[in-house]
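Given chain U's structure and the hints, the job is docking chain F onto it.
Now for the letters of each chain:
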Amino acid sequence: MIPNGWRLGAWWARSTLRSRLALWYAVGGTTLVALFATTLYAFVAVRLARPLDHQLRQDLAEVERSLLATAGDSLRWQGSEIARGPVDVTEHPWFELWDERGGLVLRRWPFTENRNLILPPPNRLAAPGTISVFPVAPDLRLRTLTVPFTMPGATGPWLLRLIRVHQPHADALPDLQLIIFVTLPVVVALLVAGGYFFTRRWLLPLDRMAAEAQRISAEDLRRRLPVANPHDELGRLAGVFNVTLDRLQNSFEALDRFVADASHELRTPLTTLRSVGEVGLRRGRSEEEYRDIIASMLEEAQRLQQLVERLLQLASAEGRGEALHPAPVVLDELLGACAQELGILAEQKNQRLVVAEAGLRLRTDPVILRQALQNLIDNAIKYGPPDSEVRVSSRAAPGGVLIEVADEGPGISEADRAHLTGRFFRTDRARARASGGFGLGLAITKAYLRALGGSLEHEARAPRGSIFRLRLPDGTAPPEPRPRSAGNPAEPKLPPAAAGAERHPFPEPLVPRVE
Amino acid sequence: MKPPRVLLVEDEGKTRDSIVEGMTLEGWQVRSAAQGLAGLQLAQAEPSDLIVLDWMLPDLDGLEVLRRIRASGRTTPVLMLTARGTLTDRLLGLDNGADDYLPKPFAFAELIARCRALLRRPNWAAGRNLQCGDLQLDTRARIAVRSGQEIRLTPREVDVLEYLMRNQGQTVTREMLERDVWKQVHRMTSLDNVIDVQMMRLRKKVDFPGVDRLIHTQRGIGYKMERLAP
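Protein sequences, first through last, are from chains U and F. So for the first sequence, the working numbering puts the first residue at 37; every next one is plus one. So for the second sequence, the working numbering puts the first residue at 561; every next one is plus one.
Treat the hints loosely; a few may be bogus.
[To be verified] Below, simulated DSS-like cross-link-like pairs (lysine-lysine); rule was C-alpha separation at most 25 Å, straight line:
#: 1; chain 1: U; residue 1: Lys-418; chain 2: U; residue 2: Lys-385
#: 2; chain 1: U; residue 1: Lys-418; chain 2: F; residue 2: Lys-764
#: 3; chain 1: F; residue 1: Lys-784; chain 2: F; residue 2: Lys-765
#: 4; chain 1: F; residue 1: Lys-743; chain 2: F; residue 2: Lys-664
#: 5; chain 1: F; residue 1: Lys-784; chain 2: F; residue 2: Lys-743
#: 6; chain 1: F; residue 1: Lys-743; chain 2: F; residue 2: Lys-765
#: 7; chain 1: U; residue 1: Lys-418; chain 2: F; residue 2: Lys-743
#: 8; chain 1: F; residue 1: Lys-664; chain 2: F; residue 2: Lys-574
#: 9; chain 1: U; residue 1: Lys-385; chain 2: F; residue 2: Lys-764
#: 10; chain 1: U; residue 1: Lys-385; chain 2: F; residue 2: Lys-765
Everything labelled a hint here was simulated from the structure, so no lab data went into it. Small disclaimer: the values here were computed from a predicted structure and weren't measured.
This is chain U alone, in the form it adopts within the complex:
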């Protein structure tokens, strides 16, 4: 047998949001309205009975004044008498006196005994001062106050019950009850029906979104979710989904481009490899010629190998496959080492490779940073004209360091900037191939920097040339920004330029952030 709780749970899990809300309106609405009505009823009842209770207490005082014990254990009433016959409600007090065994000792009220108006004996255990209501006839309800009663000179103790009649014309409680019992179901029914209707109406965009989302697939990422009202929750949800879809579409497109580009780039050396080999075999050749052919094929094979290595570098840097090994780095030393390594290339073109020292230290992965820097310096040398200058400088920046590699090359046109760090991008394909590039350098550099928690920016340089700017966290700073004072030992020898740069981070709008 399935336990009921389980079945209810299963129904709850399976039911739609709409049915759950309707159920809430039914159960919650009924409970809340009933609670409200009960409170209201109780309040009104207490409020209406207050003058009557006051009168009952006055009656008690009068009984205490006017009832006397006489010798021989009898009681004598000294107050005014109640006229028998037609009930005059103003003639009071009415009371009953009960002994401990539940026997009536004395009753004083205007009703004749044959009207059969007998109240049950009072509950001995009820608290003193208990007020009760007895409906004794369709048109008559009695309100009573019961207190323990003793009298000097009498046998006692007794229970004294004082009695008053609820005035029918002042008693609105039954009407109130009627109103409540009639309106409660109506209110609940309206709540449920209205709730179901409006929920259905308001959640309709969700259904449409679900239907549309179902149509969106990897092949058709251009579709977007409909935004019915951009200000409500569903609109915001659709908006967020659409932004995510934008990103997804971008990365899918990037992947497509990458696969297309990569296969193109791989095909080029493969084609050369095959055609050189095939043509080489077409006719008999001298040993010298064969050597030449094989060497040419080996060159292409090497090119392929380099390309595959760079692609792997890119993939692992982008996928954060590079495990970081952070270490303290003296930046000037690292920049100097890079410059020394590549200086020979600059010398070959009669360029000056200048490293401006700034005395900065940071904590980062030196190997990855060095690869990123070498890529940038290599590029600067490659694209800089002979007799020009390649300048590498660094400075402290808020939250880290800034390294700049500036060249005097042709610069990068506005149109090209957007593609700058895309894969296989070269401003001039033919020339780049001659100089041995794959156009992967910047993409790899950017991926490396991202792995280090930094970023890469490009700025056009006046009158000509480019500045590539690497931003790196210094790796020592705690997550929250700390005040930088002049005496901070973590920032040794801040040059004045660096301090200025801190106060005025360079204007973002002028610097297209390379994405």
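Using the frame of chain U, we list chain F on its own:
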């Protein structure tokens, strides 16, 4: 000197054949197997001076073959070949008793150079004064002299020249220079151009007009220092 006995376990037929042929040309005695178990049997049947072991094999992977060879008590040097080039793979191989590790694709020249090192017969000119034809290099004073003329070299050029002279007669690849002279643990492709330019300049200084060429470019492979018979 007896020719070294090398056991090669490699499943790719073309690669296996070309390595066997290349090693035979070096004058080595080569046996080969295409599968792990067969390789293991060969390794245990007859002693070898060196085992070259591919990692990915169809039946028993190279690492397991290596483990079993080591478990049977043989201390023959083992060179692992693999297309899996990450540092973890490399450490895994070395942990399991491999003596060296060469990621694919590799230059044959480098394979031979590594094998020589493991066979403890490096074609490695020892000593302070190196000579190739009429070129002399004093490695301690770092002075190169050719045909009685001192050649003025930068420190890096001396390093490269020394490496070429110690490996004379052998092909030296860019990768070898990058690792052994530039001391790069990670492959840095931006160095390829640097090495080419460096070699070009060194050659200009060493093989100046009027003398025989000693530094030879092997297109698509690397460089070789050799005095060719006139």
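*Is F:Lys-784 within 25 Å of F:Lys-743, Cα to Cα?*
holds (20 Å)
*asked:* Just to be careful, I want the Cα atoms of F:Lys-664 and F:Lys-574 compared with a cutoff of 25 Å; is the pair within it?
replied: Cα-Cα ~14 Å, so holds.
*Are the Cα positions of U:Lys-385 and F:Lys-765 separated by 25 Å at most?*
holds (18 Å)
*Given the proposed pairing of U:Lys-418 with F:Lys-764, does the C-alpha separation stay at or below 25 Å?*
Between U:Lys-418 and F:Lys-764 the Cα gap is close to 22 Å, so the pair holds against 25 Å.
*Are the Cα atoms of F:Lys-784 and F:Lys-765 separated by 25 Å or less?*
holds (16 Å)
*Has the given pair, U:Lys-385 with F:Lys-764, been kept, meaning a C-alpha gap of at most 25 Å?*
holds (16 Å)
*If you draw a straight line from the CA of F:Lys-743 to the CA of F:Lys-664, is it 25 Å or shorter?*
holds (20 Å)
*Mind checking the alpha carbons of U:Lys-418 and U:Lys-385 for me, to see if they're no more than 25 Å apart?*
It holds: about 9 Å lies between the C-alpha atoms, which stays within 25 Å.
*Between F:Lys-743 and F:Lys-765, is the straight-line Cα distance small enough, at 25 Å or below?*
Holds - the C-alpha atoms of F:Lys-765 and F:Lys-743 are around 24 Å apart, at most 25 Å.
*Would you check the hint for U:Lys-418 and F:Lys-743, treating anything up to 25 Å between C-alpha atoms as holding?*
holds (24 Å)
The structure fails none of the hints (numbered hints given earlier).
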